[in-house]
Each structure stands twice: as structure tokens, then as C-alpha cells.
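Trainee: Residues per chain, in single letters:
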Amino acid sequence: MFLRVENINYSYNKESILENINFSLEKGEVLFIIGPNGSGKTTLVKIILGIIKPDTGRVMINNLELSKANIKIGYLPQVTTHESINQKKIKLPVYEVIEQGIYKKLNRKEKSGLIEHIARRLDIIEILYKNFNMLSGGQKQKVLLARAIIDNPDLLILDEPNTGLDYTSQTSTFNLIEELKSKGITTIIITHDISLIPQNSAKIACLYKKIHIHERPESLLECPIIGSSIDKGMEFILHGSGKPHRILEKH
Amino acid sequence: MDIFVLILFSIIISLPIGIISFFIVNKELGFLAEGIAHISFGGLAIGIVLNISPFWVGTTFSVLSGLIIGFLVIKSKISENLFIGVFLSFSMSLGVILIKLSNNYGVDLFSYLFGSMLNVDTSKLPYIALFSILIVLLFLFFRKKIIGIIFDPVFLKIKGIKIEKIYYGIMIVISFSIIYLIKIMGIIMISGMLIIPGLTGFFISKNYKTEVLLSIISSFLMISLGIILSYSYSFLPTGPSVIIVGFIVLILSAIFNKIKKVR
Chain A
1317 MFLRVENINY SYNKESILEN INFSLEKGEV LFIIGPNGSG KTTLVKIILG
1367 IIKPDTGRVM INNLELSKAN IKIGYLPQVT THESINQKKI KLPVYEVIEQ
1417 GIYKKLNRKE KSGLIEHIAR RLDIIEILYK NFNMLSGGQK QKVLLARAII
1467 DNPDLLILDE PNTGLDYTSQ TSTFNLIEEL KSKGITTIII THDISLIPQN
1517 SAKIACLYKK IHIHERPESL LECPIIGSSI DKGMEFILHG SGKPHRILEK
1567 H
Chain B
5 MDIFVLILFS IIISLPIGII SFFIVNKELG FLAEGIAHIS FGGLAIGIVL
55 NISPFWVGTT FSVLSGLIIG FLVIKSKISE NLFIGVFLSF SMSLGVILIK
105 LSNNYGVDLF SYLFGSMLNV DTSKLPYIAL FSILIVLLFL FFRKKIIGII
155 FDPVFLKIKG IKIEKIYYGI MIVISFSIIY LIKIMGIIMI SGMLIIPGLT
205 GFFISKNYKT EVLLSIISSF LMISLGIILS YSYSFLPTGP SVIIVGFIVL
255 ILSAIFNKIK KVR
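Read top to bottom, the protein sequences are chains A and B. The letter at position 205 of the first sequence is residue 1521 when you use our numbering, and the numbering goes up by one with no holes. The letter at position 134 of the second sequence is residue 138 when you use our numbering, and the numbering goes up by one with no holes.
Keep in mind the hints are simulated off the structure, nothing from the lab. Model, not experiment: these values are computed from the prediction. Hints are supplied without guarantee of correctness; some may be wrong.
Stated by the list, open to error - Derived DEER-like restraints, expressed as beta-carbon distance ranges:
| id | chain 1 | residue 1 | chain 2 | residue 2 | range |
| --- | --- | --- | --- | --- | --- |
| 1 | B | Val266 | A | Tyr1483 | 34 to 44 Å |
| 2 | A | Tyr1445 | B | Val266 | 38 to 48 Å |
| 3 | A | Tyr1445 | B | Leu71 | 30 to 40 Å |
| 4 | B | Leu141 | A | Ser1340 | 44 to 54 Å |
| 5 | B | Ile208 | A | Asn1379 | 50 to 60 Å |
| 6 | B | Ile208 | A | Tyr1445 | 38 to 48 Å |
| 7 | B | Ser97 | A | Ile1368 | 35 to 45 Å |
| 8 | A | Gly1429 | B | Leu144 | 22 to 32 Å |
| 9 | A | Thr1484 | B | Ile78 | 36 to 46 Å |
| 10 | B | Lys265 | A | Gly1344 | 44 to 54 Å |
| 11 | B | Leu141 | A | Ser1383 | 39 to 49 Å |
| 12 | A | Asn1386 | B | Thr126 | 49 to 59 Å |
Backbone N, C-alpha and C fix where the C-beta goes; we use that ideal spot for every residue, glycine too.
Same shape as in the complex, but just chain B (with noise of 0.2 Å):
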């Protein structure tokens, strides 16, 4: 695969990565992330075993435990990461038992789990880059109410504002990004992927405009870097380089802040 190809993939998916990453940070969700992608894994399995295909029957999974999960977080007066834990075990279980009773074990694991380059499809580029120009347009358009939605949601509600579509709105998005992501990055990684630029952003920025800015040019940096390592050196695979350069960002934005602070 052309190298320019990975890259443009990395341009393209910097942005929504960036802001979503924005708002997981900031609303305190990393755990959602996290059980999102293990969650799709159940539907994932699913697919692989039925020979359905399995972004289709994961992109399901994946959407409708986001909206389940978004629900408790909306209605719960228990910790949703209760429900996160809970749902994350049960749909692994799932999957892992399926993939076992198809003695289909191991055969596509590996990629899943830590993704791979190679899963870049470069015929649907068009679409991925329609996708993230959505996402950027949503947030401009939605910017005030999203941010409404991080600091006070019970003050938008007063004010009549319909907070649950946006964000089961915003559980949606997250969900087709993750599930999106799953085969190329893998499922362990997914939530480092999602946490990492928001929190490098979160660490050097003054305000939350350029913290969202940041936030891309941190993630477009992780996703390019650690997809030229693997793209160099084959026996890295495509995820934990991504994640490890964006480990380096983050350590490295801490120290500059920490720097920053003194002066």
C-alpha cells in the first residue's frame, strides 16, 4: 500500500478522532471508549461465525450498546460504569465462546485485537473522508450545545433544549468510529486511541478551542507516525505503534505544560 495512501487515511480520520477524543476527555467517558470496543467484539463474532458480514453485524452491536449504555447514562442513578463493566465481560465472553465453537480461533483474533494497516480499505477513502467532513460540521453547527452538554446539561435542559438526541447522537458517531477503527487499530487499542489526543490537548491548550485543534494535530501526529513505523518496520503491528508514538505526544505535552507552569 502506498505510503501518501496511509497518510491522506491519516489526515482523514485525524479529525473526527480529534473531536470525539475532545469529548471523551472532557466528559470524563475513557471507560466508555473502552467498553464500546470491547462490546463490538460480541457482534463482531457474531458476523465472523454467521459469515455475515462482520462490520455490518459490529456496526449494529457496536451502535445499539452505545445507545444503551448513553440511556443509563442519561436515566441511571448508578455509576454507568457499572453497566459498562457488566456489558464489556458479557459481550468478550460472547465473542471468544463463538469464535471457539466455530473453530474459527485465531484465524482473523490477532487483527481484531490489535489491528492491522493492511485493514486501510482504500476503495472506501471517499466515504471515510465524507464521514469525518460530517463530523466537523456537526460539531461547528452543534459546537455550543455539545459544549452545553459538557458543562452544564441540566441548565440546557431548563432552557428546553432536547439533550438526550444529541447525545445519543454523539453515541452514535462514537460507535461507527470505533467499530470503524477496530480492524485497523484493534479492540485493546481503541481507547488509548480515543483518549490520547484529547488528554495531549487538554494538557497544553488555554481554552477549549484550541484544545479541540490540538487535539487533531495530536492525533493526526500518533496516527501518521505509528502508521509509518508499521508501514517501515512489518513485524510492528499497526495499533500498539500508534498508540506507543501517541504515548511519546502525551508525555512530552506534560512536560511542556509542566515547563510552561514554572516560567
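Looking at chain A on its own, in the form it has when it is part of the complex (with noise of 0.2 Å):
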């Protein structure tokens, strides 16, 4: 087993926020996120990336402590919340931020090369000598999933991939997790955006303080959180082609 996540409980200000999570991954297994703000989802990211120590239970990776597993992890924050990211006034070129992901000793001409080839495969090219604090949060938010992925990680977690996002990209953003997938990436990916999640997808977990994983999307539909969607009037329709799609007229 790759990533095992056990017995993980967190609160703040003495209120709970997770409660017994438990769960595991195979290397190169996907695993989709989805809860309501608040739920957690996100406290729970950086308990697995070790920024937050839980009250109890541990995260192992290769039967390691993270801290010892020797890993290359890729991280795409939220950007609008990560650490005021979006605020930050230092005149950053594209090409260093996306630099900042490449773990491996390259030489100058090698690393520009990868860096290159980064921000073609994310139409970003264009815009890689600007500065990072001049970009739309859009764009902001490709540079960083630039330099999430850029050196193959072991490990990939993706908060919220699709804020800021037009349509295109973000159905590029959905290509790519595909292509991520066939890699044999192990990727854990957040969100509440559910037309984002392939129907093939091996794994999916509704969290809401507990976690609930699910092997197909149609379990989805038993899962509290989207039970309740429903009662708010949302309907879900299973579609067979795996790709995103947005209905253009009331049906």
C-alpha cells in the first residue's frame, strides 16, 4: 500500500473537525475529495502533507513516516486562501514559481527545457518571464498546478483545481488528470466541482468530519452529502462518456 491514513482525528478550538479517518491508496490510484466547506477537506490535506499535526493517528507512505518516506510530492493550493499567495507583493517571475517544483538536480538548459515543456502542455508560455503578482487568479492557479506536476511527483494533491478556471482550461484540467492517472501518478484531488470527477475513477470519498469512500460514482448518490443536494432540488444524471459537460437548456 502506498499512502495509509489512519485513525486521524483533528479539532480546533475544541470543536472536531475530523473524526476516525481512515483510508489507503494504491501507488497510482486517484482519489476524489468531495464535502461541503467546512467539512474538513482541506484540514485534512495538510494533515497527509504534515503542516498540521493531527490530535491523533498518523499518515504513512511506503509503510514510512512522510518525513522519512523520501518523496517527491506536487502541492496545488487553493490559491485564493493559501497563505495570502494571492497577495503576495515579490516580484516573482512564472518560470521561478514553477522552478520551485523541480526536485531533481538538473542543469540550467535541462531545467528550462522541463520548465518549457510545463507551461506549453497548460498555456502558460506566454506569460513565464511575467510576474506571478501581475496574473489573473486564473492564471495564478495553472502556474501553480504547473509546479505541482512538473517533476512527475510521487504523490499529488490538487486543492480545488478548477477555481478561477474558464471552461477550456478546465477541461483541460480534466485531460490532464486523466493523463495523470495513466502516469501512475497517486493523486488525490479536492473538490466540489462533481462534474470534474471521471466516471472511471477508481475512488471517491464524501467527508464531512467522517469519511465515506466509494468505489463507483453511482454509490455517490448513497453518500449524506449529495442526499442532501438532492433534497435541495439538484438532480444527478450518470452519463456514460467520462467527459465534463454543462446542460444549456432547462431539461
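Bring the two chains, given one by one in their own frames, into a single complex with the hints.
Mentor: The structure is reproduced here in C-alpha cells:
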């Protein structure tokens, strides 16, 4: 087993945020975590990344603690909230932001080749030498995504990857997730956008303090959070194409 | 004192000041610089009262306070500014009471508060030069990590980089610089000294690399011109002269920035 999250409990100001979280992922598996705002999604991710210490429980990677596991981690934070990254005024070129995601030692030419390749892939080549703080929210999101995936990480965590993206970019993120899956990168994706979840995705987790793992999208309908959405008048339709879609007319 | 020695001193000291100022401005640590300068006053007072080297007692006090504040910045969920505010007034109060009790009130206090270029110890210039070169080399060597700490420390931490060690290292460097500059610049003027060059660089640069260079250049301009003014007109205290020159440089850079944007 590549990743094991064992008996995680976490509370803040005596309020329970996460209760008895247990799940595991094989190498190359993709897990979507969905849940409403304040359900503890980002907290869980921060615990997995070692940024927050849980009250109880542990996270093991290849049977080792994260600090000893010696793996490459790619992380796309929520650009709007992450440590005020959105408000940082430092005049840092996009090139150097993406470069932060490279773990392996490379010479200058190899490094620029790698950075330009990922910039073309995410359609940000034209802003490569612009300052990060001058970009729009969607462009920042793409740059941070490039930083997260540039070095083919062993574990990739994407926190709301669709935030601020236009429809075309959302589709390209969707394709990218499929591509990462085929590369065998173990990925955890946090989203409240259910359309991002491919039909053939291996695992989907509903989180609200406790976690419920679903092996098939259909079983999502049993999830209490989804159930409450349905009660509010939302209807879920399962499509076969596996592509994200928008319904343009009422039907 | 020879004016050329003072100019040489300005060149040497501008290098670390420019770099530190760039960090303080971009990490938004202006109040921290103010805090450490005022906190070190307590240490200087203990040194004066006990007749132990005020420089070293002040240095210890200043470095320790820098580390404690650095620790609070990393660990605390409460704004570090609140802790700095408390430490600052406590240490200033301690310093004033100690000096008052020792009946030494006023003796050295004015130069500690407002600085004097007479306190530039020429015999120590080679050591200051070494310190400056060391800061430049450390900055060049750790540039990517320092920029990472400013931009996104969490990502560096996830990459397994021990950001706490780098952060504490930076705090020690800032504390050392402050305590050295206190007798020349004065406690009250230090924070301006550590903010104005970086802010000037920020106004007129297009990227962080030119920002560091411009911060060093404006630091040199304000220190050298301020010292020359204080040297030429003995009634002008050094610290305020440096800050007034710096303020003019800052205003000019802001106007330049505005004109550049309009064009």
C-alpha cells in the first residue's frame, strides 16, 4: 500500500473537524474528496502533507512516516486562501515559481526545457517571464498547477484545481487528471465540482468530519452530503462519455 | 574622522542593509525591525548598568529576541505584531528604569536613541567588511530558498526543506545588523533604515533581482549622503540625517514610478 491514513482525529478550539479518518491508496490510484465548505477537506490535506499535526493517528507512505519517506510531492493549494499567496507582492517571474516544483538536480538547459514543456502543456508559455503577482486568478492557478506536476511527483494533491478557470481550461484540467492517472501518479483531488470526477475514477470520498469511500460514482448517491444536495432540488444524471459537460437548457 | 573612511563604511554597510531591507519589505516585517531595535535597548541598558560590554549584552538580547519573535512567527496563530508590541514596550521600560536607577540617565542615551557617526569604529571596518561579504555570499547561495520563504514557505516545507533553520538564520543576521547600527543610526531610526531602501527598490524595479540591487544602491545613497551632511554640519545628528535623505530618495522613486506608469 502506497499511502495509509490511519485513525486521524483533529479538533480546533475544542470543535471536532475530523473524526476517525481511515483510508489507503495504492500507487497510481486517484482519490476524489468531495464535501461542502468547512467539511475539513483542506485540513485533511494539510495533515497528509505534514503541515498540521493531527490530535491522534498517523499518515504512512510506503510504511514510513512522511518525513522519512523521501518522495516527491506535488501540491496545488487553493490560490485564493493559501497563506495569502494571492496577495504576495514579490516580483517573482512565473518561470521561477514553476522551478520551485523541481526536485531533481538539473543543469540550466534541462531545467528550462522542462519548464517550457510544462508551460506549453498548460498554455502559459506566453506569461512565463511575467511576474506572478500581475496574473489573473485563473493564470495563477495554472502556474501553481504547473509547479505541482512538473517533476512527475510520487504523490500529487490538488486542492480545488478548477477554481477561477474558464470552461476550456477546466476541460484541459480534466484531461490532465486522466493523463496523470495513466502515468501512475498517486493523486488526491479535492473538489466541490462533481463534474470534474471521471466516471471511471477508482475512488471517491465524501467528507464531512467523517469519511465515506465510494468505489463507483453511482454509489455517490448514497452519500449523505450528496443526498442533502438532492433534497435542495439538484438532480444527478450519470453520463457514459466520461467527459465534463454543461446543460445549456432546462430539461 | 576622514570623510573617505565614512564613504567606505557606507559602501560596506549598504550591501547587508540593502539585502536585509529587501527581505523585510517583501516579507512585510517592518514592525519586526522596529521591535528588535527597541527590544535591544533593554540589553544595552543592562550592559551599561552592570558595566559589561553593552554591545555584547545588547547583541545577546537582540539575537535572543529575534529568535523568540522568529519562533512566534513560525508557530503562533496569533499575529506576531502583538508579541512584538508587548516585548518592545517591556524592554524599553526595563532599559529606561535601569539607566535611571544607575543615575546614568542621559549620558549615552541620546546617541543610542538617535545615533552618531562618531561611533563608527574604524578599527572594526575589516570585520564589518567580512560580515557584509558573508551576507552577500549567503544571500547568493540561499537565494532560491529565501525567495521561497517570502513567496510560499508552506511549499518549501512540503519539499522537505527545513525552513525554520533558514528563518532563524535570517533573524540572527537582522538582529546582529540592528545592534551594530544602533550606536550609529539610533534605535528610533533603525526601522526606517531597514525599510526605506527595500521600499525604494520595490517602487522602481521590474523584478526582484533589480529590486535587491536598487535596494543596495538606495541604501548606499541614504547612508553616504546622510553621513556627509552630518559630517559637514556638526549640529545634524547622523540617524535623522540619513533618514531624511532616505525619505527624499523614497519620494523621488515613488514619483519616478508614477511617471513610468503614466507613460
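Trainee: So, for every hint listed, does it hold in this structure?
Mentor: Hints, one by one, checked against the model:
{"no.": "1", "hint": "Val266(B) / Tyr1483(A): 34 to 44 Å", "verdict": "holds, 37 Å"}
{"no.": "2", "hint": "Tyr1445(A) / Val266(B): 38 to 48 Å", "verdict": "violated, 24 Å"}
{"no.": "3", "hint": "Tyr1445(A) / Leu71(B): 30 to 40 Å", "verdict": "holds, 38 Å"}
{"no.": "4", "hint": "Leu141(B) / Ser1340(A): 44 to 54 Å", "verdict": "holds, 47 Å"}
{"no.": "5", "hint": "Ile208(B) / Asn1379(A): 50 to 60 Å", "verdict": "holds, 54 Å"}
{"no.": "6", "hint": "Ile208(B) / Tyr1445(A): 38 to 48 Å", "verdict": "violated, 19 Å"}
{"no.": "7", "hint": "Ser97(B) / Ile1368(A): 35 to 45 Å", "verdict": "holds, 37 Å"}
{"no.": "8", "hint": "Gly1429(A) / Leu144(B): 22 to 32 Å", "verdict": "holds, 25 Å"}
{"no.": "9", "hint": "Thr1484(A) / Ile78(B): 36 to 46 Å", "verdict": "holds, 40 Å"}
{"no.": "10", "hint": "Lys265(B) / Gly1344(A): 44 to 54 Å", "verdict": "holds, 50 Å"}
{"no.": "11", "hint": "Leu141(B) / Ser1383(A): 39 to 49 Å", "verdict": "violated, 30 Å"}
{"no.": "12", "hint": "Asn1386(A) / Thr126(B): 49 to 59 Å", "verdict": "holds, 52 Å"}
In summary, the numbered hints that this structure violates are 2, 6, 11.
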